[in-house]
Amino acid sequence: MIKKPFFGFGKPKLDYAGIEGLEQGEVINIPFSGRAVFFVEAPHPTVSDVSFQVGDELKTGQNLKVSPFSRTTFTSTVTGSITDISKTSGYLGRKCLSVGIDVSEADQWDDAFSEAVKTPGLEKADQYLNTLPGISDINALIHPETPLNTIVVNGMDKDLLVMTQQMVVKTRADDLKEGIELLKKITGNPKVILIVPPNLSAEAAKSGVQVQTVTPSYPNSLPEMIMKDVLNQVVPAGKTCSSLGVGFIDAEGVAALKSAITEGKPPVTKMVSVIGKNEKTQVIRVRLGTPIHAVLSALHIPLEQGDRLVIGGPMTGRSIYSEEMPILQDTDAIMVQGKDQLAHNEDVPCVNCGECVRACPVRIPVNMLVRLLENSRYEEAAKDYDLLSCIECGICSYVCEARIPIFHYIMLGKYELTLMEKSEESANG
Amino acid sequence: MDNRKLFVSSHAPYWHNGSSITEKSYNIMLAALPAVLLGIFQYGAPALAVVTFSISCAMIWELIMNFVMRRPVSIGDGNAAVIGLMLAMLLPAATPWWVVLIGTFLAIVVGKQIFGGIGCNPLNPALVAIAMIFLSWKGILNFDEALLNYELGFPMTYPLATLKYFGVEAVSEYGIGDLLMGCHTGGIGSTFGLGLILGGIYLILRGLIRWEIAISFLAGVFITALLFNVADPAAYASPAFHLFTGYTLIGAFFLATEDSSSPVNFIPMLIYGVLAGLLTVLIRNIGAMVDGVVFAILMLNLANPLLDKIRPKALGKEMENA
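Residue numbers (this note's numbering), protein chains in the order written: chain H, 1 to 429; chain F, 430 to 751.
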């Protein structure tokens, strides 16, 4: 945990971990686990509507429609039979179907994908690429609402201590180059910029596209900051980068796209940074769907009652309650904190020390914002105190002297506002 | 399910820089210690009595209010002790015990707790108490009267009072060195200029007070006093005299920088500090009172919510009617 230095005034200095700090220099392969779990994004799942059922046999790479009424599909990354299907919910009320699979030893590949990649425009391949690591929705790049003029390939990790993307840039520079060509082809030839930390600029230069280095200081690799620092564009509060015609994809996604299309097999593995209790990072390669406990036990990281298990990094990750949770395509990191390392929040009002205002990268008056959020005045918070300008970096909570869970309040505020918008929309028909 | 391990869950971030209100309070007390110790060394047991009684009373009032208001016990955060210490530093060594008792009541209960406790006070609690004591019992904060029976080897007259009633000529006996080394009368912890400056620098370097406020307050005092001095050197004292006498230094580093009652944005902090400095010298030079720090800072405390509306545009904010 990076602490405030003894003498320190001004902004906190949080540097991203460079790949040189890796505990072991190479990627560790995690063996197959007997069980896999998938979370399938399904807006209103009713288990009885689902077009597959317990006992169905799945092949690796097989693409399934979730229900006859929806366009959502998912690609199995293992061979085996479905053992359970249940509803689950995630962060910010995200609704999912959880599909458990009993994995067989040997992979049997479904060959539909290898046929699909032979079509010249790869039109049929889209649906298989939803397991592409590093992007939650490839369709947003292939069929964007606003035509894309730029795609940013992010070779920097979004959180501290995470080294997944850096590892991809370092070890798969050639795949990156070909992947970028393919990406251009399927997205209508926009401008592509590769973002890397300065220590990887030599590797990144091999990609043949425009390379931009960014100072490896948190939160410079968050999309809004890249937009501001590299593209000189400001994302209006409450809007997304894609509304300005800029798409984001992680370096790993690009490399995986290349492997998938040249090998004719949809992506089934993912690189993950595992941050142990000693705050050292290891990078592993693991089959998507592998439960986290299988990863931790393979790496001999003990996890006990009262510890904290986080998907993601220390600033923006999400703590989870079960080690049965799987590695999904957006799982860039897993972090384990021992019970003696936890930073607890406190129930004290804001003392107006001004640390958050000093530290906020987008100049939000956090001291006033948190007062409104604590009192559930979300609309006022958005209108007068820039709630929607927040880029969700978590630095305000990190520096808070009163240890108020400011980031939590902000996300709650944003969530409540979307609920209000939705209910207004439905009221207006 | 029964043998499933339970994990601690909460929202991100999972790191914290380690700062806390308690740490800050103790460091402020530590920074104030040199000035307080010199005061105790000079005035002996009575000064020690005022300091210790003030801190303990402040903590007891805080505890009583915690119980009365059914709030969690908050004396552990050290804020009440800091307020008690600040009050004691402003009082003369010969303050009667009942003034300390009432003063801490005014600071903790009237100045802080009735507004909702830490972080909710619109005014600096110690200054609220000092202002009320000053307005209620005139003799208590008249240092010439209160310290009449002391003889410490330097002029036992309060420099600002001498300036007010006997003019610039009369204060020429106070050298800057004497003022810095605490060889003049005043509150227990407000005369040792060097100690206060060192304490202030410590707090600034550790990021525990906002340097913008302290520096701009001193700049405000200096510039205003300089303008007066240039206009008429025979009628108005030099800026250095104003910087090192009365409550100026304790005001700059310990009082104006109180978190809850001061602004947090850059430009408002500068305006706040400069205006408080300006008002201080205005009150001293043309106002009725001997020292102006107390009322100058209280006035600017009131302006704080308005000042803090001057703030930079957040990233991505679209200006309406622009």
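The hints are simulated quantities; they were obtained by calculation from the structure and are not laboratory data.
Glycine included, each C-beta is placed from N, C-alpha and C at the ideal position.
Heads up, a few of these hints could be off.
[Unchecked claim] Simulated restraints, written as ranges between beta carbons of each label pair:
no.	chain 1	residue 1	chain 2	residue 2	range
1	H	LYS11	F	SER438	35 to 45 Å
2	F	LYS434	H	LYS65	32 to 42 Å
3	F	ARG499	H	LEU419	30 to 40 Å
4	F	SER438	H	ASN139	24 to 34 Å
5	H	THR215	F	ILE696	18 to 28 Å
6	F	PRO741	H	GLY21	30 to 40 Å
So, going through the hints one by one against the coordinates:
Against the hinted window of 35 to 45 Å, the Cβ-Cβ separation of LYS11 (chain H) and SER438 (chain F) comes to about 29 Å, which falls outside the hint. Taking 32 to 42 Å as the suggested C-beta distance range, the pair LYS434 (chain F) and LYS65 (chain H) conforms, at roughly 36 Å. At roughly 33 Å, the beta carbons of ARG499 (chain F) and LEU419 (chain H) sit within the given window of 30 to 40 Å. Here the CB-CB span from SER438 (chain F) to ASN139 (chain H) is close to 32 Å, well matched to the stated 24 to 34 Å.
For THR215 (chain H) and ILE696 (chain F), the Cβ-Cβ distance of about 27 Å falls inside the hinted range of 18 to 28 Å, so the restraint holds. A beta carbon spacing of about 35 Å between PRO741 (chain F) and GLY21 (chain H) agrees with the range 30 to 40 Å that was offered as a hint.
In the structure shown, a violation is registered for the earlier hint numbered 1 alone.
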